[in-house]
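Asks: Protein chains in written order, with the working numbering: chain P, 2 to 207; chain Y, 2 to 207; chain A, 2 to 207; chain E, 2 to 207.
Note that these hints are calculated values from the structure, not bench results. Hints may contain errors.
Quick partial rundown of chain Y residues pointing at chain P, CB under 8 Å, derived from the structure [stated by the list, open to error]:
id, residue
1, 13
2, 28
3, 38
4, 155
5, 191
Where is the CB? At the ideal position from N, CA and C, for every residue including glycine.
There are 4 protein chains.
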Amino acid sequence: MMDRGRLEAFSDGVFAVAITLLALNLAVAGPGRDHHTLLYQLGHQWPAYVAYLVSFFTIGVIWVNHHALFAQVARVDRPLLFLNLLLLLFVVAIPFATSTVSDYLLVGGQDAHVAGALYAAVMEGMGLSFSLIFIHIAGHGLMTVPMTPEESRAATLRFGVGALVYLVAFGAAFISATLVLAIAGLITTYYIFRQTPGDAGPETSE
Amino acid sequence: MMDRGRLEAFSDGVFAVAITLLALNLAVAGPGRDHHTLLYQLGHQWPAYVAYLVSFFTIGVIWVNHHALFAQVARVDRPLLFLNLLLLLFVVAIPFATSTVSDYLLVGGQDAHVAGALYAAVMEGMGLSFSLIFIHIAGHGLMTVPMTPEESRAATLRFGVGALVYLVAFGAAFISATLVLAIAGLITTYYIFRQTPGDAGPETSE
Amino acid sequence: MMDRGRLEAFSDGVFAVAITLLALNLAVAGPGRDHHTLLYQLGHQWPAYVAYLVSFFTIGVIWVNHHALFAQVARVDRPLLFLNLLLLLFVVAIPFATSTVSDYLLVGGQDAHVAGALYAAVMEGMGLSFSLIFIHIAGHGLMTVPMTPEESRAATLRFGVGALVYLVAFGAAFISATLVLAIAGLITTYYIFRQTPGDAGPETSE
Amino acid sequence: MMDRGRLEAFSDGVFAVAITLLALNLAVAGPGRDHHTLLYQLGHQWPAYVAYLVSFFTIGVIWVNHHALFAQVARVDRPLLFLNLLLLLFVVAIPFATSTVSDYLLVGGQDAHVAGALYAAVMEGMGLSFSLIFIHIAGHGLMTVPMTPEESRAATLRFGVGALVYLVAFGAAFISATLVLAIAGLITTYYIFRQTPGDAGPETSE
């Protein structure tokens with residue numbers, strides 16, 4: 002019903018706006034509204050930089066994986082449209098989760114735990130949505146070339162590992178919000194450097 | 002005069018920005034600016050989550066229906082350009098209506114009623130604009146394949162039902178703002194699950 | 002050097018974000034932060050609605066005219082890229098000018114005059130940039146089909162009338178900011194309803 | 002793995018949002034929240050206009066150069082995707098650096114120096130990322146037509162000069178933040194008016 006191009010264009014628009022809104026959280030108080038020096042303020046908000054870095058590359062990785070997956074999709078059915086909207090629902094919430102965790106990280110106590118859990122929960126929702134999209138595409142024959150059982154297993158594992166690790170991060174929130182960011186940063190780094198066979202293929206063949 | 006592609010690209014850009022701005026309303030107060038715990042704040046702002054969900058999928062449905070309709074359009078005339086801008090005028094106001102209804106829902110009294118009425122009015126404006134777009138396209142022979150009288154009746158009913166239900170929601174605002182959100186959520190759910198013949202056709206034939 | 006498509010896509014992105022940011026100015030104060038009822042607040046900020054309407058359709062008209070003009074452009078040279086950026090510089094400032102004029106309209110006195118003059122100045126900058134773009138395109142043979150002298154005169158008049166009327170609006174700011182909005186609304190309405198020969202041609206021939 | 006088109010579309014989206022968010026910093030305080038007249042406020046925030054101008058055209062130049070470079074790219078590999086994300090990480094931070102330097106410029110003292118250094122550092126990060134992208138593209142044979150050694154030297158110099166000048170600007174921050182903006186404005190002006198052979202070629206041949 003809908004061509005892949007417009008689904009990708011709309012999703013890219015949402016990714017682009019969400020990734021840019023992340024930086025709104027870097028803002029410092031203007032002069033006179035805070036008794037601290039600018040240097041103190043900038044230094045004191047290091048959690049905002051760390052959270053910005055992690056969330057920026059997380060959205061970046063979602064964008065890369067989103068494209069890699071949809072490049073294999075031959076047709077888009079109505080459930081896929083709405084599963085994709087479900088994914089975007091969580092992507093759009095990432096700037097909110099990011100600013101909350103960076104605001105409350107240094108506060109410590111229950112507030113920091115809750116902020117970390119919120120961050121992990123949004124990421125978990127995003128990861129699960131991505132898995133649902135993959136399961137739907139693979140299970141309803143929407144791909145140009147159907148996957149072999151091995152490819153399917155490898156892809157399920159690949160997309161599933163994120164959803165699993167974010168669940169671990171959710172549990173880790175009750176120990177430390179910093180740990181949540183560290184785990185999220187690790188899983189993003191893993192996705193950045195993991196050269197999948199499917200990715201490498203077309204490049205070397207060219 | 003204008004090719005369909007650029008109208009769709011611009012509209013998709015507006016949809017993408019509006020849907021992402023919805024999440025700005027999820028923000029909680031930073032530490033120290035509020036005596037409540039983060040958990041209390043997050044729990045206390047449940048209307049913001051409900052309103053976010055309803056508005057997010059409403060814009061999502063508009064996007065899906067917008068594409069389904071314009072995919073049948075052969076040429077874009079000047080009035081269609083401006084009717085489309087009228088639709089976007091209301092889409093762009095959805096984040097404002099969403100944050101207002103979620104801010105005032107728990108306040109109750111006249112303020113909550115007014116906020117609910119505002120939300121329903123913006124949705125009504127959006128629904129009416131969509132109907133005007135359809136009437137213009139069908140009435141001025143802008144479609145690739147003209148609709149049969151039955152198809153036309155079905156589509157008029159389909160697009161018109163939204164405008165009618167939002168009118169009911171407007172009236173319901175004077176009973177309860179929560180009822181407005183419930184009705185808006187129902188109509189969006191209806192559009193998500195209603196598999197139209199036109200949608201299913203091309204998919205099964207492929 | 003740059004293909005027209007990417008210039009249009011980038012410009013459309015800027016138009017889409019700017020037009021959506023306009024609605025941020027509709028926000029009302031949350032409950033408790035203002036002693037007035039929501040109804041009073043909504044009624045009291047009517048200048049925000051008027052300014053929103055005028056600015057929304059102004060950006061819409063710029064978008065429509067931008068497309069109509071660039072559809073005739075065969076190639077994009079470097080000066081055209083930067084003249085287009087100059088246009089976008091003013092388009093991006095429209096939400097700022099809009100919120101300023103709607104905030105200060107009811108205050109009256111010098112502040113309202115200054116806000117009106119600011120609004121007219123931003124529109125004037127936009128109008129002049131558009132004229133410069135047209136002059137450059139027509140004068141450097143960048144069009145697919147060069148204009149006849151009559152077409153060129155008509156187009157110069159058409160694009161120039163905006164720049165002239167915004168100058169009048171600037172002067173009118175010293176009488177009343179409301180008058181500025183009224184003039185801006187009139188010129189936008191003129192552009193919406195003025196069916197140019199170039200626009201009508203391809204439509205009727207189809 | 003990823004086609005160039007989607008990388009460009011996503012990057013253009015980020016450029017468009019970032020360039021539009023710059024204008025949020027032009028906002029003045031509403032009436033009643035400030036004892037100064039609007040004219041005083043507008044006049045007093047001249048650093049915001051200068052910073053807006055410099056940053057707007059800097060992002061504009063990055064966009065132009067980004068396109069000129071990627072127009073020569075035959076295929077996109079995974080490292081290029083992430084180097085491009087690194088560039089966008091700094092582009093997205095430009096509105097933050099811009100509002101900080103314009104807020105603190107007139108304050109003087111250490112705060113102004115720090116704000117200037119922050120602005121220069123973000124620009125340096127952007128410039129270095131751009132250089133890394135070029136080095137990767139040229140060094141891994143990703144271009145449609147490989148550069149001759151002379152072309153490669155000229156391009157390295159061209160992209161490298163920015164990274165070098167922003168380093169000088171960083172040092173200049175310890176003298177004056179105004180000097181930082183002046184240097185950044187100069188380098189952007191240089192990129193606007195420098196007609197590269199590669200740019201001119203296709204134009205004159207057409």
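Asks: Are residue 155 (chain Y) and chain P close enough, Cβ to Cβ, to be under 8 Å, as the hint says?
Replies: violated (16 Å)
Asks: Interface hint check: residue 191 (chain Y), Cβ to nearest Cβ on chain P, cutoff 8 Å. Holds or violated?
Replies: violated (13 Å)
Asks: Identify whether the interface hint at residue 28 (chain Y) stands, where standing means a beta carbon of chain P within less than 8 Å of its own.
Replies: Result: holds, 6 Å to nearest chain P Cβ.
Asks: Should the hint that residue 38 (chain Y) touches chain P count as held when the rule is a Cβ pair under 8 Å?
Replies: OK, holds: residue 38 (chain Y) within 8 Å of chain P, min 6 Å.
Asks: Hint residue 13 (chain Y) vs chain P: min CB-CB distance below 8 Å?
Replies: holds (5 Å)
Violation of the numbered hints given earlier is confined to hints 4 and 5; the remaining hints are satisfied by the structure.
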